[in-house]
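Each chain, letter by letter, is given below.
Number of protein chains: 2
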Amino acid sequence: MLRFGISMSLDGYVAGPDQSVDNPLGVGGEDLHQWVFPLEVWRAPHGLEGGEVNESTPVVQAMLAHVGATLMGRNMFGGHPGPWDAKRPWNGWWGDTPPFHHPVFVLTHHARPPLKMKGGTTFTFVTGGIEAALDAARQAAGDGDVWLGGGAKAAQQYLGAGLVDEMTISLVPVLLGAGERLFEGIGDDLHGLALVRTVAAPNVTHLIFARP
Amino acid sequence: MLRFGISMSLDGYVAGPDQSVDNPLGVGGEDLHQWVFPLEVWRAPHGLEGGEVNESTPVVQAMLAHVGATLMGRNMFGGHPGPWDAKRPWNGWWGDTPPFHHPVFVLTHHARPPLKMKGGTTFTFVTGGIEAALDAARQAAGDGDVWLGGGAKAAQQYLGAGLVDEMTISLVPVLLGAGERLFEGIGDDLHGLALVRTVAAPNVTHLIFARP
Numbered sequence: 004m005l006r007f008g009i010s011m012s013l014d015g016y017v018a019g020p021d022q023s024v025d026n027p028l029g030v031g032g033e034d035l036h037q038w039v040f041p042l043e044v045w046r047a048p049h050g051l052e053g054g055e056v057n058e059s060t061p062v063v064q065a066m067l068a069h070v071g072a073t074l075m076g077r078n079m080f081g082g083h084p085g086p087w088d089a090k091r092p093w094n095g096w097w098g099d100t101p102p103f104h105h106p107v108f109v110l111t112h113h114a115r116p117p118l119k120m121k122g123g124t125t126f127t128f129v130t131g132g133i134e135a136a137l138d139a140a141r142q143a144a145g146d147g148d149v150w151l152g153g154g155a156k157a158a159q160q161y162l163g164a165g166l167v168d169e170m171t172i173s174l175v176p177v178l179l180g181a182g183e184r185l186f187e188g189i190g191d192d193l194h195g196l197a198l199v200r201t202v203a204a205p206n207v208t209h210l211i212f213a214r215p
Numbered sequence: 004m005l006r007f008g009i010s011m012s013l014d015g016y017v018a019g020p021d022q023s024v025d026n027p028l029g030v031g032g033e034d035l036h037q038w039v040f041p042l043e044v045w046r047a048p049h050g051l052e053g054g055e056v057n058e059s060t061p062v063v064q065a066m067l068a069h070v071g072a073t074l075m076g077r078n079m080f081g082g083h084p085g086p087w088d089a090k091r092p093w094n095g096w097w098g099d100t101p102p103f104h105h106p107v108f109v110l111t112h113h114a115r116p117p118l119k120m121k122g123g124t125t126f127t128f129v130t131g132g133i134e135a136a137l138d139a140a141r142q143a144a145g146d147g148d149v150w151l152g153g154g155a156k157a158a159q160q161y162l163g164a165g166l167v168d169e170m171t172i173s174l175v176p177v178l179l180g181a182g183e184r185l186f187e188g189i190g191d192d193l194h195g196l197a198l199v200r201t202v203a204a205p206n207v208t209h210l211i212f213a214r215p
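Chain order of the listed sequences is E and D. If you read the first sequence in the numbering used here, its first letter stands for residue 4, the second for the next number, and so on. If you read the second sequence in the numbering used here, its first letter stands for residue 4, the second for the next number, and so on.
Calculated from the structure, these hints are not laboratory results. Among the hints, a few may not be true.
Here are the computed lysine to aspartate or glutamate pairs in the DMTMM-like style, where the Cα-Cα straight-line distance is at most 25 Å [unchecked claim]:
{"id": "1", "chain 1": "D", "residue 1": "Lys-119", "chain 2": "D", "residue 2": "Asp-88"}
{"id": "2", "chain 1": "E", "residue 1": "Lys-156", "chain 2": "D", "residue 2": "Asp-191"}
{"id": "3", "chain 1": "D", "residue 1": "Lys-156", "chain 2": "E", "residue 2": "Glu-187"}
{"id": "4", "chain 1": "D", "residue 1": "Lys-156", "chain 2": "E", "residue 2": "Asp-191"}
{"id": "5", "chain 1": "E", "residue 1": "Lys-156", "chain 2": "D", "residue 2": "Glu-187"}
{"id": "6", "chain 1": "E", "residue 1": "Lys-119", "chain 2": "E", "residue 2": "Asp-138"}
Quick list of simulated restraints, FRET-style, between CB atoms [said to hold, decoys possible]:
{"id": "7", "chain 1": "E", "residue 1": "Asp-25", "chain 2": "D", "residue 2": "Arg-115", "range": "49 to 59 Å"}
{"id": "8", "chain 1": "D", "residue 1": "Leu-67", "chain 2": "E", "residue 2": "Pro-27", "range": "42 to 52 Å"}
{"id": "9", "chain 1": "E", "residue 1": "Glu-52", "chain 2": "D", "residue 2": "Met-4", "range": "40 to 50 Å"}
{"id": "10", "chain 1": "E", "residue 1": "Asn-94", "chain 2": "D", "residue 2": "Glu-187", "range": "35 to 45 Å"}
{"id": "11", "chain 1": "E", "residue 1": "Thr-60", "chain 2": "D", "residue 2": "Ala-47", "range": "33 to 43 Å"}
{"id": "12", "chain 1": "E", "residue 1": "His-69", "chain 2": "D", "residue 2": "Pro-205", "range": "25 to 35 Å"}
{"id": "13", "chain 1": "E", "residue 1": "Ala-164", "chain 2": "D", "residue 2": "Glu-55", "range": "35 to 45 Å"}
{"id": "14", "chain 1": "D", "residue 1": "Pro-116", "chain 2": "E", "residue 2": "Thr-60", "range": "56 to 66 Å"}
{"id": "15", "chain 1": "D", "residue 1": "Glu-55", "chain 2": "E", "residue 2": "Gly-190", "range": "23 to 33 Å"}
{"id": "16", "chain 1": "D", "residue 1": "Glu-187", "chain 2": "E", "residue 2": "Ala-135", "range": "30 to 40 Å"}
{"id": "17", "chain 1": "E", "residue 1": "Pro-48", "chain 2": "D", "residue 2": "Asp-146", "range": "46 to 56 Å"}
Cβ atoms here follow ideal geometry from the backbone N, Cα and C, with glycine treated the same way.
If we strip away everything but chain E, and leave its shape as in the complex, we get:
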C-alpha cells in the first residue's frame, strides 16, 4: 500500500515561494508544520524530550505505523538542483542519523550510488521513473507500507497516476498566497480516493482519504 501525507495551507500550498537550500520550505512554509513540532510523537524520533499529546497524535502515529520504506522526490531530499556536485556533497537534511530507520528511495534524473547512513537509513537514488521507484520501495518494504514523503511534484506524479492508496491532507488554517500547490495540473480526478475520516486538532484539520 502506498500512503501519502502532507501539510497544506487553506489556499492549497504545500511549500512557500522561493524554496532554496537555505529555506527548503519556501517563504512562510514553516507555518505549515507548526502543528506537528510541539507533539511528543514528533519530538521523540528526533531525539527531543517532552512534548504535547493531542488529537493529532493518533493521526501521526497512524502515518508512521507499518512503514517499511519511504519514497521522496529529489526536491524533498534537497541540495542544489541538477547533477550531484562532489564539491558540495549533499546527504539530505537529516544529519548522520536520519529519522527514517528504513530504506528511502529518492526520485532523481541523476544517478548516484546508494548512501548508507547511521540508524538503518539507506538512500537509494532511482532514475527509472515513479513506477520503478515504487516497485523498488515495495520490495524493500516487504510486509510494510510504502510512505510517500513528498514533495509536491513527486506527489502530483503518484496521485495523477492513480498509485496512491491512502492520503492524509493536514489542512492548516493559514494563507501562504504563493508557492507550490499540491493540486496543480492533476485535473479533477482523485482516482478512487474518497474522504473517509476528518480529525479536528489544534491548528490543523486532518482529512484522511482512502479507497472506500
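Model the placement of chain D on the given structure of chain E, informed by the hints.
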C-alpha cells in the same frame, strides 16, 4: 457583523470553469453543493418537504440566523455580463419569491433601479463600490448581521479589505481541476480571521473562522 460562507473544493475552487447563464456554477460546480441539497434546513426555505438532519444542520442554521441583509456580486446575481439588457430582463436565479426575505444588495458597475420581489426580498443595485454596499446593507440589516453570499470576486474584495468578521469554508473532498479559486490574489493575510471551529459532516468539512 459581516459574515460569509462558501463551498470550496479540495483544490480551492468555488466554481467550475466555463460559468454561464446556462451553467452558473461552471462545469462540475454543482458537486460543491451536493452536501446541502439533501438537508431539511436547505429544502424547507425552498418550499420542499422532507430532508435529512445531520452534522451540517446546525452549521447551516447558524449561517442563516440573525441575517438582516445579504450582499452579493453581480456574477452571483447572474445574467449576461455587462450593462443590463432590457431585451433580456434578468431578475436573478430565484424566481418570483426569492428565499432571502430581506434586502439584498448587488455589487455592479451598471446602475439599475431597485427590484422588488415577492416575500420581502428587494434587490438594490450598488455602483459605489464594496464599502458603500456594505454601509447600505448594514443600515438595512439594523440589529441583524450582513451575509456575504459570494461569488468569488466579491468575496476576494471583502476579504482583502479586511471587512469580513466571520467566514465558513465548507470544504468538499473533490477536485475540480479548473475554475475560480476563492483564495487568489488576496495574498497571505487572513486579516485577523482564525480557525475557531471544525465540523466534520457527511461529504463536507466546515471550517469556521472568526476574530478570536
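To see whether the hints hold, each was checked on the structure:
no.: 1; hint: D/Lys-119 x D/Asp-88; in the structure: 18 Å, holds
no.: 2; hint: E/Lys-156 x D/Asp-191; in the structure: 22 Å, holds
no.: 3; hint: D/Lys-156 x E/Glu-187; in the structure: 21 Å, holds
no.: 4; hint: D/Lys-156 x E/Asp-191; in the structure: 22 Å, holds
no.: 5; hint: E/Lys-156 x D/Glu-187; in the structure: 21 Å, holds
no.: 6; hint: E/Lys-119 x E/Asp-138; in the structure: 20 Å, holds
no.: 7; hint: E/Asp-25 x D/Arg-115: 49 to 59 Å; in the structure: 55 Å, holds
no.: 8; hint: D/Leu-67 x E/Pro-27: 42 to 52 Å; in the structure: 45 Å, holds
no.: 9; hint: E/Glu-52 x D/Met-4: 40 to 50 Å; in the structure: 45 Å, holds
no.: 10; hint: E/Asn-94 x D/Glu-187: 35 to 45 Å; in the structure: 39 Å, holds
no.: 11; hint: E/Thr-60 x D/Ala-47: 33 to 43 Å; in the structure: 41 Å, holds
no.: 12; hint: E/His-69 x D/Pro-205: 25 to 35 Å; in the structure: 29 Å, holds
no.: 13; hint: E/Ala-164 x D/Glu-55: 35 to 45 Å; in the structure: 36 Å, holds
no.: 14; hint: D/Pro-116 x E/Thr-60: 56 to 66 Å; in the structure: 60 Å, holds
no.: 15; hint: D/Glu-55 x E/Gly-190: 23 to 33 Å; in the structure: 31 Å, holds
no.: 16; hint: D/Glu-187 x E/Ala-135: 30 to 40 Å; in the structure: 37 Å, holds
no.: 17; hint: E/Pro-48 x D/Asp-146: 46 to 56 Å; in the structure: 54 Å, holds
Going through the hint list in order, the structure satisfies each hint without exception.
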